[in-house]
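Colleague: FYI, in our numbering the residues of the sequence shown are 1 to 407.
Note that these hints are calculated values from the structure, not bench results.
Heads up, some of the hints might be wrong.
[Claimed, not checked] Pairs of lysine-lysine residues, derived as DSSO-like cross-links and limited to a Cα-Cα distance of at most 30 Å, are as follows:
#	residue 1	residue 2
1	Lys37	Lys136
2	Lys271	Lys173
3	Lys203	Lys98
4	Lys65	Lys2
5	Lys347	Lys271
6	Lys347	Lys256
7	Lys171	Lys136
8	Lys136	Lys14
9	Lys98	Lys37
10	Lys14	Lys28
11	Lys256	Lys271
12	Lys342	Lys354
13	Lys255	Lys271
14	Lys354	Lys37
15	Lys312	Lys354
16	Lys136	Lys98
17	Lys294	Lys347
18	Lys136	Lys28
19	Lys171	Lys203
20	Lys294	Lys256
21	Lys170	Lys136
22	Lys65	Lys203
23	Lys2	Lys14
24	Lys14	Lys354
25	Lys65	Lys171
26	Lys98	Lys173
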Amino acid sequence: MKILVINCGSSSLKFRLLEMDNEEVLVKGLCERIGSKFGHFRYEPENAERLERDVDLPDHDAAVKMVIDTLISEDHGVIDSVDEISAVGHRIVHGGDKFSHAECLTPDVIAEIEECSALAPIHNPVNLMGIRACQKYMPTTHMVGVFDTAFHHTLPEEAYLYGIPYEYYKKYKIRRYGFHGMSHEYVSRRTAEVMGVPYDRCKQIICHLGNGASITAVRNGESVDTSMGYTPLEGIIMGTRSGSIDPEIINVIAKKEDLDTQGVMDILNNKSGVYGLSDFLSSDVRDLSTAYGKNDPNAIRALNTYVYSIVKYIGSYVTVLGGVDSISFTAGIGEHSSLIRKLVCEKLYYLGVKLNDVANDNANGETLISLPDSRISVYVIPTDEELAIARQTKERLEAYGSGKNYE
1 MKILVINCGS
11 SSLKFRLLEM
21 DNEEVLVKGL
31 CERIGSKFGH
41 FRYEPENAER
51 LERDVDLPDH
61 DAAVKMVIDT
71 LISEDHGVID
81 SVDEISAVGH
91 RIVHGGDKFS
101 HAECLTPDVI
111 AEIEECSALA
121 PIHNPVNLMG
131 IRACQKYMPT
141 THMVGVFDTA
151 FHHTLPEEAY
161 LYGIPYEYYK
171 KYKIRRYGFH
181 GMSHEYVSRR
191 TAEVMGVPYD
201 RCKQIICHLG
211 NGASITAVRN
221 GESVDTSMGY
231 TPLEGIIMGT
241 RSGSIDPEII
251 NVIAKKEDLD
261 TQGVMDILNN
271 KSGVYGLSDF
281 LSSDVRDLST
291 AYGKNDPNAI
301 RALNTYVYSI
311 VKYIGSYVTV
321 LGGVDSISFT
331 AGIGEHSSLI
341 RKLVCEKLYY
351 LGVKLNDVAN
361 DNANGETLIS
371 LPDSRISVYV
381 IPTDEELAIA
391 RQTKERLEAY
401 GSGKNYE
């Protein structure tokens, strides 16, 4: 069974074609700067030469067509026809409270995704563009939606409700949804495999640290709390996002800076986080880490506050879980920043965390970075959201059956 994974961003499209009988990657790639005459296309077959070129990519439709045309092209193709593809798995950022697992993309499901666009106005509309383009160019192929919020549907009521009038939840579905679900599910499952323990019998904390970041408490294979909330703005400090703040701050900034609500939200989403804390030195932890090593006060302030916010969530989730067996770092910062991992783990010494500095400094791929006598095992586990999407697509397709009469 071959599955094509499509992951649409606002100006990008990541894709991967997998043979799911052995989970072999046949080809992967990326379309960048979509919406521009100066787009870029990268196509990396597993057993052939890489193709890379600048192209005109006016929209996501053009990007999808370029991917499909290249997949079946005489010079660079890895399949003879799109009919060889059993299904396309689409990443959908927000499924609201409707979807707790992957779904075949019927007209009714697509309509529900459109309704959820108000909850993810930057992401869901472009996810839908990718779906419609694939339907256009692959009209007989199964389409499956895999939801970033689905993994967090196991949150108990006390974890997903906010301390606001309950009628707002009933009327407007204002609640914690959580994000990065595919990453948290993949990494928590993989961590259990690496530890050699049953997935349904361990307590884990997963730190997905990228420009956007979230931390999740996983008990026996289920998400029981997560740092992002109604939107991806809540939680720990991030690259340019503030993370959780006193809501009254919005009112104060609006009045002091003569801004409307949208203006303040732009600041909280795009000019805050380590970027704002470093006095706009950089939003990239790599730059800040270099400056930190040179004792730059702006970098020190930003990274110390960033690490503090991470440690607060980890500590609270140890309480939520009633203890923890493992902590895993993943995503761009989590996988590649030995400094951030070290600063976090140093503050967790009271829990019995003992970092192996040599392993941490040389971590490459899946790595145990704690010492043998550490009370909690600490890992670096690279995430693989595309593989998680492909697995859920295959599972949903097999559960549904082979017929496409779901319209």
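Colleague: Take a quick look at whether lysine 354 and lysine 37 sit within 30 Å of each other, Cα to Cα.
Modeller: Violated, because 51 Å separates the two Cα atoms, which is more than 30 Å.
Colleague: Sort out whether lysine 271 lies within 30 Å of lysine 347, counting only the CA atoms.
Modeller: holds, 27 Å
Colleague: Lysine 136 and lysine 14: Cα distance at most 30 Å?
Modeller: Distance of about 18 Å is within 30 Å: holds.
Colleague: Below or equal to 30 Å on CA atoms is what counts here, so check lysine 65 against lysine 171.
Modeller: Not OK: lysine 65 and lysine 171 at ~40 Å, beyond 30 Å, violated.
Colleague: Is lysine 203 within 30 Å of lysine 98, Cα to Cα?
Modeller: holds, 27 Å
Colleague: Straight-line Cα separation of lysine 312 and lysine 354 no greater than 30 Å?
Modeller: Satisfied, since the Cα-Cα distance of roughly 18 Å is no more than 30 Å.
Colleague: Holds or violated: are the alpha carbons of lysine 98 and lysine 173 at most 30 Å from each other?
Modeller: holds, 11 Å
Colleague: Is the hinted pair lysine 294 and lysine 347 satisfied, with a Cα-Cα distance of at most 30 Å?
Modeller: Holds - the C-alpha atoms of lysine 347 and lysine 294 are around 22 Å apart, at most 30 Å.
Colleague: Are lysine 136 and lysine 98 close enough, with their CA atoms no more than 30 Å apart?
Modeller: With a Cα-Cα distance of about 26 Å, the restraint between lysine 136 and lysine 98 holds, given a limit of 30 Å.
Colleague: Hinted pair, alpha-carbon criterion (30 Å max): lysine 14, lysine 354. Please report holds or violated.
Modeller: violated, 37 Å
Colleague: Does lysine 14 pair with lysine 28 here, judged by a C-alpha cut-off of 30 Å?
Modeller: Measuring from Cα to Cα gives roughly 8 Å; hence the hint holds.
Colleague: Taking only the CA atoms, is the gap from lysine 271 to lysine 173 under or equal to 30 Å?
Modeller: holds, 28 Å
Violated hints, in rising order: 6, 7, 9, 14, 19, 20, 21, 22, 24 and 25; the structure is consistent with all others.
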